[in-house]
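Q: Listed here are the chains, written in short residue letters.
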Amino acid sequence: MIEFQNVSKAFANKKILDHANFTIKDQEFFVLVGPSGSGKTTTLKMINQLVTHSEGKILINNEEISTANLRKLRLSVGYVLQQIALFPNLTVSENIALIPEMKGWDKAKIADRTNELLDLVGLNPKDYAQRQPSELSGGEQQRVGILRAIAANPKIVLMDEPFSALDPISRRQLQIFIKDLQKKMNLTVVFVTHDLDEALYLADRVAVMNDGLIQQIAEPADIYQHPANDFVKTFFKEYRQNLSTVSVENLLLTELSVNPEAQEVADNTAISEIINRLSDKEVLKYKGKSISSDDIICYIAGGDK
Amino acid sequence: MNQLISTFQSQQGQFWQALLEHIQISLISIFIAILISIPLALLLRRLPKIAEPVLQVTGIFQTIPSLALLGLLIPFIGIGSLPAIVALVVYAIFPIVQNTYTGLEQIEPSLIEAATAFGMNRRERLMKFELSLAMPFIMAGIRTSTVMVIGTATLAALIGAGGLGNFILLGINMNDVSLILIGAISSALLAIIFSSLLKFLEKAKIKTILISFFIGLLVLGGSYYRPQTSNHPQITIAGKLGAEPDVLINMYKLIIEKDSNIRVNLKSNFGDTTFLYNALKAGKIDLYPEFTGTITSTFLKDPVSSTDPNVVWQKAEEGIKKLNQFTYLSPMKFQDTYAIAVKSDFAKEHQLTKISDLANVSGLTAGFDVEFANRSDGNIGLRKLYGLDLNVKTMQNSLIYKALNSGAVNVAEVYSTDSQIKQYNLTVLKDDKNLFPPYQAAPLMKESLLKKYPELKKILNKLSGKITDQEMIEMNYDVNVKQEDAAKVAERYLKSKGLI
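Residue numbers (our numbering), protein chains in the order written: chain Y, 15 to 319; chain A, 19 to 518.
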């Protein structure tokens, strides 16, 4: 459990984070989203103290981190960067082995773990273990970047826009992979992105940030239907406008409608229109199947079909 | 080219010694510079505010002319390898510091962020990736420094540190282009070889680099190892530049080693007069041959008016004892002083044997150097004492022989033991009115040396009164023109006289 209690951070006179109060639950996929400069990366980096907070308290499992042993804290929190930042002088397996080595694991255990992890992401250890990072594609590099972060079984993994520099296909693959991994390993993931699609697909809860203030923290469907304020509404509206060109036929509807009250939607209705109507009515239907906000999220998360 | 090869062959023994010294001085300097520069660069990285000014200052060190730096160091640390190494280290530091600093600064900040986030401390970061990533830069810096140091190390010869610069110095002194070329070409080749070795290492793994440096250090250390063959006492005898002192100190060595258990370490072509004098004072050397006239005029600053060799020697002996507590033994016979020479056939033609005979020949042209032309014991004396009114052409010393040989002048000022006297078949005219000051060579040493090894006096005195002008000319000729080894020439003479 990660708790932010009245946490603030100021550079010069500018508040980057202003009295943040929130709790990230264990095994939660928590996504910080917002326009650039909103303070989301700063918030993330406070958790492993790459950025120190000027006010307030941050607690991990009820221990205040500013007084905790920094090395111990960092060794127990995984970190994945947008720049990937594999060490170019080390091989793939050496990069993965970095934190286990620092934790003093024995060599055989490290070798086993490295191979196991490479198998996990579909990189054949025989083929990949001794390669230089420069010999991998961007997507492969970031897989190794993730493996490096989780190699020593951290409970918490921090990810700072890890997929934003990747091509769309790799990005999608890695989104599916990390979501799956989080569930399998029972990880608490704190994830920063400016990509709403990504946020809505991955998150158990989304925190929308703007100007150093947390605007709203809620589950994706909730935040969609009940924006807490104008900023969140506009942030999503701008996003929805992109959906105005996509129509209802593109939704993959599976659930048969059992609600006779539900309004029927005409062909070619834009998804943005459906989203607006869903905020008044609970459910709509199209060709006998029901449309819920979950279907919208599913569509968004699945991208173009 | 043939000249170059034959000079090289005759100098081979000295060449390998000089090459070894050169490599030793250069590599020690580089290793020390590395040991200073890399930690300094690491420190600067932690103190970004002072990094720029410090880099500027180390840059300024580089602009001090190396000759000036060597000169400045002499009062503090004297002569020999130590000041040479200090100066070379000062030069070598800047490229290594600058490159190490740049190499570390160019590392992607995201890598440092990642490492920090993983909990690495400064040392772990350095060892895990920073040094590796900066290594090509560091190696390039070391390469730059090495090339520079090997080149600059030729100047070390000026302060008695030896090395290939000795050949250049000797070549300049003896006006021998081959010697200069040997020194210059070999030091250039050495720089190229080391540069390409280091270039190769730039791309190597950090492990290979470290192993190579370790091997380098071992070899360097090993090159200083001298098997302890005996516990004989050792003394160091040095000589000025040129063939004559080289032959003399080899004679000293041969007779000392024959008649005592003292082992002699020779430093031939060690430097010029004041340099050797200071080296003796500083205890860097134990003994060297010096001329009577030089002691009175240069060290005692009390030129003797007498032209009686014995009077001059006594003055020198007494004066230098008072001044420096030096002991000056009795001189050898030959005089290395000014002399007037003519071509032998010219001498025959005009029946010339002594300087006064020149008065009988009219219309003589003389080749003198500027100094001789204006000295009271030079041309002025010739006019006053001998009543000669020569048509004087002043020229550079090295040109006088050529001018005489070509017939451009009939009379020349020479030094009485120059090998050219034999080479150009000249006749030296007797100084029958004793115009020229006596310059006789004798061993000069500290009194304390004789206290420690009293047997040296008796041994060295065996040479006193030996070696005529003609014999010295012959020996100089053997070394300079026939390119024989000075040690062999010395040995042959001593054997022929039954001294060894």
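These aren't lab readings, by the way, just hints derived from the structure by calculation.
Treat the hints with care, since some could be wrong.
[Claimed, not checked] Non-contacting residues of chain Y with respect to chain A, defined by C-beta distances greater than 12 Å in every case (computed):
hint	residue
1	Leu-89
2	Glu-108
3	Asn-109
4	Asp-133
5	Lys-140
6	Glu-149
7	Arg-219
8	Asn-224
9	Asp-236
10	His-240
11	Phe-245
12	Glu-263
13	Ser-306
[Unchecked claim] Quick partial rundown of chain Y residues pointing at chain A, CB under 10 Å, derived from the structure:
hint	residue
14	Leu-84
15	Val-91
16	Phe-101
17	Leu-104
18	Arg-162
19	Gly-302
We put the beta carbon where it would ideally sit given N, CA and C, even for glycine.
Q: Hints first: check each against the structure and report whether it holds.
A: Now for the hints, and whether the structure bears them out:
Look at Y:Leu-89: its CB is around 4 Å from the nearest CB on chain A, not clear of 12 Å, so calling it non-interface is violated. Against chain A, the non-interface label of Y:Glu-108 is violated: not every CB pair exceeds 12 Å, the least being about 9 Å. Not every Cβ of chain A is farther than 12 Å from the Cβ of Y:Asn-109; the closest lies at roughly 10 Å, contradicting the non-interface assignment. At roughly 23 Å from the closest C-beta of chain A, the C-beta of Y:Asp-133 stays outside 12 Å, upholding its exclusion from the interface.
The claim that Y:Lys-140 lies off the interface holds: its Cβ sits roughly 22 Å from the closest Cβ of chain A, which is beyond the 12 Å cut-off. Distance to chain A confirms Y:Glu-149 as a non-interface residue, since its nearest Cβ pair spans about 16 Å, more than 12 Å. At roughly 23 Å, the least C-beta separation between Y:Arg-219 and chain A is larger than 12 Å, which holds for a residue marked as non-interface. Every beta carbon of chain A lies more than 12 Å from that of Y:Asn-224, the smallest distance being close to 25 Å; the non-interface claim holds.
At roughly 32 Å from the closest C-beta of chain A, the C-beta of Y:Asp-236 stays outside 12 Å, upholding its exclusion from the interface. In this structure Y:His-240 is separated from chain A by more than 12 Å, as the shortest Cβ-Cβ distance comes to about 35 Å. Against the 12 Å criterion, Y:Phe-245 stays outside the reach of chain A, whose nearest CB is about 30 Å from its own CB. Remark: the non-interface label on Y:Glu-263 is consistent with the geometry, its nearest Cβ contact in chain A lying 43 Å away (cut-off 12 Å).
Chain A leaves Y:Ser-306 outside its interface by the beta-carbon criterion, the shortest separation being 40 Å against a cut-off of 12 Å. With a least beta-carbon distance of about 7 Å to chain A, the hint placing Y:Leu-84 at the interface is held under the 10 Å criterion. For Y:Val-91, the interface hint holds, since its Cβ comes within 10 Å of a Cβ in chain A; the closest pair sits about 8 Å apart. Contact between Y:Phe-101 and chain A, as hinted, is supported at the beta carbon level, the nearest pair being about 4 Å apart and thus within 10 Å.
Interface hint status for Y:Leu-104: upheld, as the beta-carbon distance to the closest one in chain A is roughly 7 Å, under 10 Å. Annotation: Y:Arg-162 was flagged as interfacial toward chain A, and the flag holds, the nearest CB pair being 8 Å apart, inside 10 Å. With a least beta-carbon distance of about 52 Å to chain A, the hint placing Y:Gly-302 at the interface is violated under the 10 Å criterion.
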